[in-house]
Amino acid sequence: MSWRLDVRCAGSGGQGLALAAVVLAEAGLAAGCQVALTQEYGPEARGGASRADVAISDDVIANPQCGVPSILLALHDKAWRKFATSLPAVSASLESGSTTAVVDRDLVAVAPGTPGVLALPFEAIARDELRAKVVANMVAVGALGRLMGRFGSEIVESAVAKRSPSAFSQLNVVAFRRGWSMMDDLLPAAVPAGR
Amino acid sequence: MSQQLIQGNEACARGALAAGCSFFAGYPISPSSEIAELLARELPPRGSVFIQMEDEIASMGAVLGASLGGRRAMTATSGPGFTLMQEHLGYASLAEIPCVVIDVMRGGPSTGLPTSPAQGDVMQARWGSHGDRATIALAPGSVQEVYSLTIEAFRLAETLRTPVAVLYDEVIGHMREGVELREPTPDELGRRTSPRTAFSPTFLPYAPDENGVAMVPDFGRGYRFHVTGLMHDERGYPTSDNAKVAELLERLERKLEPAVAAVPPERYRLDDASVVLIAYGIVARTARAAVDVLRREGIRAGLLRTRLLWPLPAAALTEVSRSAELVVVAEMNRGQWALEVERLAGDTTVLSPYLKAGGSVITAEELAGHVRRLTREGVAVS
Numbered sequence: 001m002s003w004r005l006d007v008r009c010a011g012s013g014g015q016g017l018a019l020a021a022v023v024l025a026e027a028g029l030a031a032g033c034q035v036a037l038t039q040e041y042g043p044e045a046r047g048g049a050s051r052a053d054v055a056i057s058d059d060v061i062a063n064p065q066c067g068v069p070s071i072l073l074a075l076h077d078k079a080w081r082k083f084a085t086s087l088p089a090v091s092a093s094l095e096s097g098s099t100t101a102v103v104d105r106d107l108v109a110v111a112p113g114t115p116g117v118l119a120l121p122f123e124a125i126a127r128d129e130l131r132a133k134v135v136a137n138m139v140a141v142g143a144l145g146r147l148m149g150r151f152g153s154e155i156v157e158s159a160v161a162k163r164s165p166s167a168f169s170q171l172n173v174v175a176f177r178r179g180w181s182m183m184d185d186l187l188p189a190a191v192p193a194g195r
Numbered sequence: 196m197s198q199q200l201i202q203g204n205e206a207c208a209r210g211a212l213a214a215g216c217s218f219f220a221g222y223p224i225s226p227s228s229e230i231a232e233l234l235a236r237e238l239p240p241r242g243s244v245f246i247q248m249e250d251e252i253a254s255m256g257a258v259l260g261a262s263l264g265g266r267r268a269m270t271a272t273s274g275p276g277f278t279l280m281q282e283h284l285g286y287a288s289l290a291e292i293p294c295v296v297i298d299v300m301r302g303g304p305s306t307g308l309p310t311s312p313a314q315g316d317v318m319q320a321r322w323g324s325h326g327d328r329a330t331i332a333l334a335p336g337s338v339q340e341v342y343s344l345t346i347e348a349f350r351l352a353e354t355l356r357t358p359v360a361v362l363y364d365e366v367i368g369h370m371r372e373g374v375e376l377r378e379p380t381p382d383e384l385g386r387r388t389s390p391r392t393a394f395s396p397t398f399l400p401y402a403p404d405e406n407g408v409a410m411v412p413d414f415g416r417g418y419r420f421h422v423t424g425l426m427h428d429e430r431g432y433p434t435s436d437n438a439k440v441a442e443l444l445e446r447l448e449r450k451l452e453p454a455v456a457a458v459p460p461e462r463y464r465l466d467d468a469s470v471v472l473i474a475y476g477i478v479a480r481t482a483r484a485a486v487d488v489l490r491r492e493g494i495r496a497g498l499l500r501t502r503l504l505w506p507l508p509a510a511a512l513t514e515v516s517r518s519a520e521l522v523v524v525a526e527m528n529r530g531q532w533a534l535e536v537e538r539l540a541g542d543t544t545v546l547s548p549y550l551k552a553g554g555s556v557i558t559a560e561e562l563a564g565h566v567r568r569l570t571r572e573g574v575a576v577s
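Chain order of the listed sequences is A and B.
Quick note on numbering: our numbering labels position 71 of the first sequence as 71, and the sequence is numbered without any gaps.
Quick note on numbering: our numbering labels position 31 of the second sequence as 226, and the sequence is numbered without any gaps.
Only chain A is shown next, with the shape it has when bound in the complex:
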C-alpha cells in the first residue's frame, strides 16, 4: 500500500517556512521518496500569511496540490486563521482525511488543550535556549520530522545541514535536534503511519 504525506508549513513571510519545507522535501528525496514542493509566490511571501506545501510519497505524485494536509504547521496567527478554516477535522494522530495541527504556543491563539492541536514553544526555545529567535523554523522542522515518523533523524539532519546558509548551518542543526527531542515526551513510542 503506497503512502503520501502532505505537510503545509504556514507563517508570516520571512519566518523561514519555505526553508523548512525545502528541508523536509530534501529529506524525502534523500530517503528515496518522490517529493513535490509548491509555495506562495505572491507578495505574501514577503510578509503576509504565506505557505509552502510539501508532498512526500513512496509512489508517483501525480497531483502536487495539497488538498487536506496531513500536518499543518502554523508559526503565525494570521496564517493559522487563513489555513485552519479549510480543515475538515483535526486529529492528534496522523489519520487519513484529518490534519494534525502543530502551532507555536506563543504566536498562535489557540485555546490550551484544543483537541488535535499540538501547541509547542518553538520560538521560546529558539529565543531563550538557543539565543536566536530566527531558528524557530528549524526547531519546528525537528518536531515535524519526528511527528512524520517516516525518516530517521540523521536523514533530516543532513538535509538541514545541506540546505542551511553556511553561517547558520551549525545553529540550525542544534535547533533541529532540540525540536526532534522535544517530541520524545509527546509522542507514543510507535508513531502512527501516514496516509
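Be aware that a few hints might be false.
[Stated by the list, open to error] Here are the computed distance ranges between Cβ atoms for each label pair:
{"no.": "1", "chain 1": "A", "residue 1": "Ala167", "chain 2": "B", "residue 2": "His325", "range": "53 to 61 angstroms"}
{"no.": "2", "chain 1": "B", "residue 1": "Arg241", "chain 2": "A", "residue 2": "Ala167", "range": "26 to 34 angstroms"}
{"no.": "3", "chain 1": "B", "residue 1": "Ala457", "chain 2": "A", "residue 2": "Ala89", "range": "44 to 52 angstroms"}
{"no.": "4", "chain 1": "A", "residue 1": "Gly67", "chain 2": "B", "residue 2": "Ala456", "range": "34 to 42 angstroms"}
[To be verified] Simulated coverage check for chain A against chain B, where a stretch passes if three residues somewhere in it have a Cβ under 8 angstroms from a Cβ of chain B:
{"no.": "5", "segment": "17-31"}
{"no.": "6", "segment": "34-41"}
[Claimed, not checked] Chain A is nowhere near these chain B residues, computed Cβ spacing over 10 angstroms in every case:
{"no.": "7", "residue": "Leu212"}
{"no.": "8", "residue": "Pro304"}
{"no.": "9", "residue": "Thr306"}
{"no.": "10", "residue": "Leu399"}
{"no.": "11", "residue": "Met410"}
{"no.": "12", "residue": "Thr513"}
{"no.": "13", "residue": "Leu569"}
For the record, the hints were derived by calculation from the structure and aren't laboratory data.
Where a beta carbon is used, it is the ideal one built from N, C-alpha and C, also for glycine.
Put chain B on the given structure of chain A with help from the hints.
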C-alpha cells in the same frame, strides 16, 4: 544518477546549459526571472554571453543576431514580454533563424496577473505574430520535463531552423521536485542544419534540404548571403513571385511536422474511456488525479496529456475526441486550446471544457465534480 531538488525555472536553465546554450539576452519578468538569474551566474564563467537588454524587443533582436552568428541562443519571459517579441519571432520564422523562447505564462491582458498561475498565452504562441506564421510550442508538466523539453526545444530549433517556444505556468516554474540532470546524447542535442557545399557565386542559402529546411550558413564562415524579413527566393533576395511566395509559406509550415512525432502525448487510462480529459502543464497533473477519483466511482475516465501545443497534434486529438462520449479540455484561461479540440471532435461527442482564469490551479475535485455533474445529467454513460 541521483536526483536534485530544484525549481522548474532552475531546471529550465540547467536544460539550456546542457543543450549547449551559449547566449542569453533578456529582460527579467515574473514568474520567469529565476531563469535569467541563474544564467547570469552560469554563462559568463563558461565564456558564454548573458546580456540584460533594455526591453524584450531588443532581447529578441540580440538573440537572433547571436543565432545567425552560430550561437545556440535563447531568452525567457512572460506574457507581456512575449507580446513585445512577436515581431522578431515572425522575422525568425521567415528568415529561418533557430532560437528558443521560454514563456512562463501569466493570465489577463497587459501586465495582467504576474505572480499567479495561468495559461494565457496558448493562442499568442500560435497567432501572436502576423502572416500565417507556423510555429512550435512545447508544454512541460513537471520539473523533470522542463529540463528534458528545454533540451528538446533546442534540438527542434536547431534541426528545423525555427523559433521554438516552451510554455509553462507559475506553479511548474516555481515547484521543486526531484530531477535527474542527465546529459543529453548527441542525437538529443541535434545539429544545426547548415550548407553542405563551399561558397560559390551560385550558392543558394535558402535552398531547402530533403526535410524542407533551409541550409543557411552561420555568419563568418566564408559565405556571402542576404537575410531578409521580406518573402524571398532561394538566394535570400526579396521576391513577389506568386508561386515562390506560396511555396515558401507552405514549406515553412510543412517543415515543422516532425515535432508532432518527436513530442508525443501521454495517454493515461484511455483504452476504454468514455470520458476523456485533455490537459497540459500543471492542469494535467490535477486532471490525472481526477481520473483516478472518477474511476473509483465507476466512471470510465481517461486523460490525454499533451506536451506539444503547436503544431497541433491533430491525429491524437481527433482519435480520442471521436471515440469518447464526453471530452473535457481543462485549461487555466478563457478557452484557447479547447477551440482547437472543438474543431476536431466528431458531431456525436459532447464537449464541455472546464475553464478557470482567476489565477489559481484547477483542482482535481473541481474537475471530477464537473464530470460527475455531466454524467448525472446523462451526458456520458459511465
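Do the Cβ positions of glycine 67(A) and alanine 456(B) conform to the proposed distance bound of 34 to 42 angstroms? Given range 34 to 42 angstroms: holds, Cβ gap about 37 angstroms.
Non-interface claim for threonine 513(B), where every Cβ of chain A lies beyond 10 angstroms: Non-interface label on threonine 513(B) holds, nearest chain A Cβ at 26 angstroms vs cutoff 10 angstroms.
Would the non-interface assignment of leucine 399(B) survive a Cβ cutoff of 10 angstroms against chain A? Holds, because the least Cβ-Cβ distance between leucine 399(B) and chain A comes to about 50 angstroms, which exceeds 10 angstroms.
Assertion that chain B covers the segment 17-31 of chain A - criterion: three or more residues, beta-carbon distance below 8 angstroms: holds (count 4)
Verdict on chain B covering the segment 34-41 of chain A, where coverage means 3 or more residues with a C-beta closer than 8 angstroms: n = 7 at 8 angstroms, threshold three: holds.
Between alanine 457(B) and alanine 89(A), does the C-beta distance stay in 44 to 52 angstroms? Given range 44 to 52 angstroms: holds, Cβ gap about 48 angstroms.
Is the Cβ of methionine 410(B) farther than 10 angstroms from every Cβ of chain A? Holds: least Cβ distance 43 angstroms, greater than 10 angstroms.
Test the statement that leucine 569(B) is away from the interface with chain A: the closest C-beta pair must be farther apart than 10 angstroms. holds, 21 angstroms
Range hint compliance [Cβ, alanine 167(A) to histidine 325(B), 53 to 61 angstroms]: holds, 54 angstroms
Holds or violated: is the Cβ of leucine 212(B) farther than 10 angstroms from all Cβ atoms of chain A? At about 22 angstroms from chain A, leucine 212(B) clears the 10 angstroms cut-off, so the statement holds.
Is the claim that proline 304(B) lies outside the interface with chain A correct, judged by CB distances over 10 angstroms? Correct as stated: the minimum Cβ-Cβ distance to chain A is 19 angstroms, above 10 angstroms.
Run the C-beta distances from threonine 306(B) to all of chain A and say if the shortest one exceeds 10 angstroms. holds, 14 angstroms
Every hint, counting from the list given before, is met by this structure.
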